[in-house]
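**Q** Chain by chain, the residues run as shown.
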Amino acid sequence: MKRLRPFPVRGNLLVALAGNPNGGKSTLLRQHTGNWPGKTVALAWGEFFYQGYRVNLVDLPGTYSLWACLPEEEVARDFIFSQKAQALVIVADATCLERSLNLVFQIGEVTSRSILCLNCMDEARRRGLIIDEEGLSRELEIPVVPTVALTGEGLEALKKAIVEVATGRLKPCPQKVYYGEEVEEILSRASSRWEGLKALMGGCPWRG
Amino acid sequence: MEGIGSRHYQDRIMAALYQRAKTVASRYVRTGAGEHPLTLKLDALLTSKRWGYPLMLLLLVLVFWITLVGADYPSGLLALFFSWAENSLGHLLQMGGLPSELQDFLISGVFRTAAWVVAVMLPPMAIFFPLFTFLEDLGYLPRVAFNLDNFFKRAGAHGKQALTMAMGFGCNTAGVIGCRMIDSPWERLIAILTNNFSPATAAIRPS
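These protein sequence lines are chains D and F, in that order.
Count the first sequence with the numbering used here and you get residues 1 to 208, in order.
Count the second sequence with the numbering used here and you get residues 1 to 207, in order.
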């Protein structure tokens with residue numbers, strides 16, 4: 001029997017995929033949307049249905065840092081700053097988690113509606129890396145979902161987490177990084193912590 | 001006290017972020033028994049403090065040696081072929097009864113120059129660029145940029161310039177065009193202007 005395209009009875013959600021380049025964002029997007037017949041995948045768009053919600057996924061260009069200056073990284077940054085998305089999935093390569101955590105902390109300063117997706121778990125397991133997802137989730141205070149985008153492992157859990165965060169049923173409160181007394185003192189005087197950080201970081205090094 | 005947006009605060013914030021990332025990662029990621037792919041080991045070796053530079057120099061010298069020595073053989077063959085072609089063409093024109101001024105212009109001028117350029121330039125480029133592409137596809141060139149970033153930074157340039165300059169050893173046109181991969185306009189300009197300090201192998205080849 002042909003599966004019918006479900007009707008979004010409970011509303012639309014906008015969710016963005018962010019993360020380092022080559023972390024598997026696009027593979028994940030294909031997996032998510034590929035599960036449904038009649039999918040609409042334009043350039044970097046996709047959608048899936050879960051629990052009656054239509055979730056629109058935006059695939060952001062890869063970025064290492066919100067303070068970056070490359071044009072494609074600015075696209076990702078501006079989208080994250082705009083707070084348009086109801087949830088933000090940070091796709092991290094589990095084999096080099098440390099590199100992605102930098103971005104996780106930065107995004108944590110902008111929005112609390114984030115999910116950490118540990119992708120490439122198969123490769124990490126093959127290399128003998130043991131990642132304590134629950135501990136990590138407790139420490140970062142955001143949901144952490146291990147996935148293998150290529151095979152689709154963990155996607156159901158990721159969809160669940162996305163919908164829970166996007167609808168506000170689950171409220172992550174990402175832990176802020178302590179930048180040292182001097183910086184924290186300035187941040188406490190700024191109109192908001194985030195505005196303070198933006199001012200301190202300035203623009204690109206060569207743009208002054 | 002330094003101004004808002006200064007290097008001082010940027011460094012503080014970035015240092016705190018990286019420190020925290022390191023702490024968290026080391027706390028929740030354990031390395032058990034597993035395969036350690038060859039690529040990881042190679043990566044560690046090629047960018048290590050002790051072996052990084054010697055290996056890099058060795059590889060680059062090897063590339064140059066193959067290019068310079070190896071290019072002589074096809075170069076000699078090409079020169080032989082062109083001198084034969086020059087003679088035959090000369091005979092042909094003579095039989096055609098062209099005025100000798102025009103013959104000289106066509107044979108000793110146009111044909112000989114073109115033949116020399118091809119015989120001298122083509123072989124080193126045909127050897128250097130495939131080798132360069134091979135290193136790029138292996139992923140070694142970004143590691144060279146990583147190794148040299150410190151030196152280039154001290155000179156006020158960008159580490160990626162190591163690549164455009166290495167490319168310049170093949171041909172500076174390609175090198176200068178490659179400078180577009182440097183993101184900052186100022187450093188890109190430096191790279192474009194100083195790229196000619198790496199001479200093309202075809203030019204430095206003893207002939």
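No lab work stands behind these hints, which were simulated from the structure alone.
Treat the numbers as computed from the prediction; the structure is a model and nothing was measured.
Take the hints with a grain of salt, since some may be wrong.
What the hints assert, rightly or not - Here are the simulated DSS-like cross-link-like pairs (lysine-lysine), alpha carbons at most 25 angstroms apart as the crow flies:
| hint | chain 1 | residue 1 | chain 2 | residue 2 |
| --- | --- | --- | --- | --- |
| 1 | D | K84 | D | K160 |
| 2 | D | K176 | F | K22 |
| 3 | D | K176 | D | K84 |
| 4 | D | K171 | D | K159 |
| 5 | D | K198 | F | K22 |
| 6 | D | K176 | D | K198 |
To be verified - Label pairs and their in silico Cβ distance ranges:
| hint | chain 1 | residue 1 | chain 2 | residue 2 | range |
| --- | --- | --- | --- | --- | --- |
| 7 | D | Y178 | F | F64 | 32 to 42 angstroms |
| 8 | D | R189 | F | D149 | 31 to 41 angstroms |
| 9 | F | P130 | D | Y178 | 50 to 60 angstroms |
| 10 | D | W194 | F | D11 | 18 to 28 angstroms |
To be verified - Short, incomplete list of chain F residues facing chain D, as computed with Cβ under 7 angstroms:
| hint | residue |
| --- | --- |
| 11 | Y9 |
| 12 | Q10 |
| 13 | I13 |
| 14 | V24 |
| 15 | A25 |
| 16 | K49 |
| 17 | R50 |
| 18 | G52 |
| 19 | P54 |
| 20 | G76 |
| 21 | S108 |
| 22 | R143 |
| 23 | I177 |
Here a beta-carbon is modelled for each residue, glycine too, at the ideal position from N, C-alpha and C.
**Q** Evaluate each hint against the coordinates.
**A** How the hints compare with the structure:
no., hint, verdict
1, D:K84 - D:K160, "holds (20 angstroms)"
2, D:K176 - F:K22, "holds (15 angstroms)"
3, D:K176 - D:K84, "holds (21 angstroms)"
4, D:K171 - D:K159, "holds (16 angstroms)"
5, D:K198 - F:K22, "holds (23 angstroms)"
6, D:K176 - D:K198, "holds (15 angstroms)"
7, D:Y178 - F:F64: 32 to 42 angstroms, "violated (51 angstroms)"
8, D:R189 - F:D149: 31 to 41 angstroms, "holds (36 angstroms)"
9, F:P130 - D:Y178: 50 to 60 angstroms, "holds (52 angstroms)"
10, D:W194 - F:D11: 18 to 28 angstroms, "holds (20 angstroms)"
11, Y9, "holds (4 angstroms)"
12, Q10, "holds (6 angstroms)"
13, I13, "holds (5 angstroms)"
14, V24, "holds (6 angstroms)"
15, A25, "holds (4 angstroms)"
16, K49, "violated (20 angstroms)"
17, R50, "violated (23 angstroms)"
18, G52, "violated (20 angstroms)"
19, P54, "violated (27 angstroms)"
20, G76, "violated (45 angstroms)"
21, S108, "violated (52 angstroms)"
22, R143, "violated (16 angstroms)"
23, I177, "violated (19 angstroms)"
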